[in-house]
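These protein sequence lines are chains U and Y, in that order.
Just so we're aligned, residue 1 is where the first sequence starts under UniProt numbering, counting upward by one.
Just so we're aligned, residue 1 is where the second sequence starts under UniProt numbering, counting upward by one.
Any given hint might turn out to be false.
Because identical chains cannot be distinguished in the list, a pair is counted as satisfied if it fits within a single copy or across any two copies.
Straight-line distance between alpha carbons at most 16 Å, and here's what the computed EDC-like set of lysine to aspartate or glutamate pairs gives [as the list claims (entries may be wrong)]:
#1 K223 to E421
#2 K436 to D411
#3 K223 to D173
#4 K71 to E22
#5 K189 to D448
#6 K242 to E116
#7 K189 to E421
#8 K108 to E65
#9 K138 to E229
#10 K189 to E439
#11 K321 to E294
#12 K368 to D411
#13 K50 to D398
#14 K368 to E115
#15 K368 to E266
Simulated from the structure, these hints should not be mistaken for lab results.
All figures in this text were calculated on a predicted structure; none of them were measured in a lab.
2 protein chains.
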Amino acid sequence: MNMPQAPLRAAPSETDIATLTEELRHRYADRVVVSASVREQHGHSLTWAKNQPPDVVVYPRTAEEVSDIVKLCAAREVPIIPYGTGTSLEGHINAPFGGVTVDVSLMKRIIAVHEEDLDCVVEPGVTRKELNEHLRDKGLFFPIDPGADASIGGMVATRASGTNAVRYGTMKDVVLSLTVVLPNGEIVKTASRAKKSSAGYDLTRLLIGSEGTLGIITEITLKLQGIPEAISAGICPFPSVKAACDAVIMTIQSGIPMARIELLDEVQVRAVNAHSKLTLPESPLLLLEFHGTESGVQEQAERFGEIAAEFGGGPFEWATKPEERSRLWQARHDSYWAAKGLRPGAQSVATDVCVPISRLAECVDATKQDIVECGLIAPIVGHVGDGNFHVQPLVNMDDPAEIAACEAFIDRLVRRALAMEGTCTGEHGVGQKKMKYLEIEHGPAALDLMRVLKRAIDPHNIMNPGKIIAL
Amino acid sequence: MNMPQAPLRAAPSETDIATLTEELRHRYADRVVVSASVREQHGHSLTWAKNQPPDVVVYPRTAEEVSDIVKLCAAREVPIIPYGTGTSLEGHINAPFGGVTVDVSLMKRIIAVHEEDLDCVVEPGVTRKELNEHLRDKGLFFPIDPGADASIGGMVATRASGTNAVRYGTMKDVVLSLTVVLPNGEIVKTASRAKKSSAGYDLTRLLIGSEGTLGIITEITLKLQGIPEAISAGICPFPSVKAACDAVIMTIQSGIPMARIELLDEVQVRAVNAHSKLTLPESPLLLLEFHGTESGVQEQAERFGEIAAEFGGGPFEWATKPEERSRLWQARHDSYWAAKGLRPGAQSVATDVCVPISRLAECVDATKQDIVECGLIAPIVGHVGDGNFHVQPLVNMDDPAEIAACEAFIDRLVRRALAMEGTCTGEHGVGQKKMKYLEIEHGPAALDLMRVLKRAIDPHNIMNPGKIIAL
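Using the sequences provided together with the hints, build the complete structure.
Shown next, in the form of structure tokens:
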């Protein structure tokens, strides 16, 4: 590959920042904020990465304003950090070289909902819950549901997914088109609104998962789903993680179109019971949801029950009422907070890996063994239909030995997943914390190719520098 | 964007070709072919693009051989044209600047089938039918089915889809990972075998649909599907294209998980009846297929029947026996050849566009009107669940006026689709013939971004030059 010399990234000078801040203030007035509290609030998110605040936070309202801000920053080679709700987990929105955080939280318009086409057009600051609130009356929903009420723009940037991915896919599958401001300030639309296309390079998916390192997303066209006629949910305990995973494999092989199939280990179940005042059986547990017609859902559930019994699972209990169902899934979504409750005052370190489903039980079991051996408290929840699971060590940040133990544990976790043909992150993204694993996962040639792309699109390395790949 | 001067592409000198041919012969002996017939056979495909043969055709057996060939060509800046089965439609495999065609038809190994993970690993020369033959005993199938028995490598390169896409997606959705030889000869693996990942830029989808302009695909990891317990198929005539499209929209909105939903216009039905000795009703016709459990399929079919009736469609007739079903879909897959039969001796000009489904009836109706007005014979078939349809004018290539009329018709067709927020090609790809529409579809900034990517990865423009974008 023809590699130009890597542009180094240094923090911009105080003079450059001062001049830039004046220019921004002149145009955006009180939408330019430099107070320490706001800068710190933008300097890290739900992560144990050290706070690294930007110099300035600016709140644009339109793609044209984003373009203008990017051009001002580019003129002085000042770093730009796109910011949604700040709920990412691997240090994605830290500002290690200072610079300007572009907070899109004022860009909240739902521009169009095309009911016949099952799609919608939104601005990046709309959150997933806000979108679903808006869609409910139309009989439509947007299925991607990371734990947090993340912004759609942030979900695109991290290639997010969630509990429905086994049925409805991840962000890479549900985005039809993006509008993006490139590092030179140009505004690009990546695709038409057609459901499929073979017209040139897939710019849409190049941007999805690029974590703000290639551009700032200013508009998203999303595929939607019809709200199913019938939804039913249930829980099923298993004697072991292996038994639960084997039941999941058989369920998927049988073509049962699971909407959700989530694993909680016994530690996580205890946490959820305490946090959400539930009485779930404290063993490896599957939480399930079926979508379809009344009779279809019934049939799916019966078949799953038979498969579960074959692997020693059960009894299979139904949440028949909608309130019960909501409570169950709310508890699942609150698992991050529930886990924190296991050790008040501790820092929660959420991380994830993903492996081929045939290796999942082995990977989870080895990880649980490792947790016991290194003395951590670390509950596990998994999107098992995808082979993706989360481990959430709870760490006393005043104890350097414990921090070191946790870091060593995560390192072993990632290497274990990679050795099983898996990935260092299924849905959280790379940010700062997983950068060191990209070369092990992809090999030096693939990482070089990523660098070539980054350099070609952002030659001065101003877009979210210090994330995904070091230049 | 930092744009280096565009490298021009000139045909290599006779001396360079002669020396390179000697080098290739030395290593690959009789797998290097320069006979006029073989070169011409590789110089165009199922298209009306003029034949443009390469100078040499070489048949590698491994990724390492592909890498070696690419390095030899790169050293002399000789163009490289990757070749699968030669069934693409827009001049993808022509050699406008001469060079070396790399025919992967000897790379036919099915390297692994992971039944628990529902995936497999194949070489690029395996065709879709060969793969499905291999999978049948395992209860699995690969759902993407373009009309031809294309190679998997070629299907990746053109981002192909087919009749099952409405349920199972397109090539962009079913590829987990690729191994690719880059223009510098480096071998890159784009991703792990995990079902999802957020680990860095999506190299997989950057290569899918790149039509051999960024690298040569040497290995593909594909998602598979379980063969459904029950499959049923049927036909349903409609009084108009609009009525058929409205029924499709309602069917999809109702969440009926159609496996296939295909539209044939009355001209295409006549062609299919004649070619496949069927007696389908000669009006706009939907061909349908449902996958699921016995009772699920029954329920889906009944619901569809009700919806069809609401829009004046019917009667809805079932192909109850597997033989009948196979015959029906074979007839659909043979529609290209059937259409040719409408005008023996004429050149078939297959093209496709895709629009949001809400605009499909309008787009098809206007196109049919246009066909009548310009006096062409041009049957229409559509993957209507995706808003994608094919028009196949049959042209007397000895009549320059008719050729001009056909070109003008296709130009109007594409512009009509673009004006309806559609794309210039839903699944055939850009090749040579659709290049001029990319700027209209994507805008100059997005096209520039595509050029930046091409230049960064292939700075000497040796990989399939003259396709997708002009540099």
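Non-conforming hints, listed in increasing numerical order: 14
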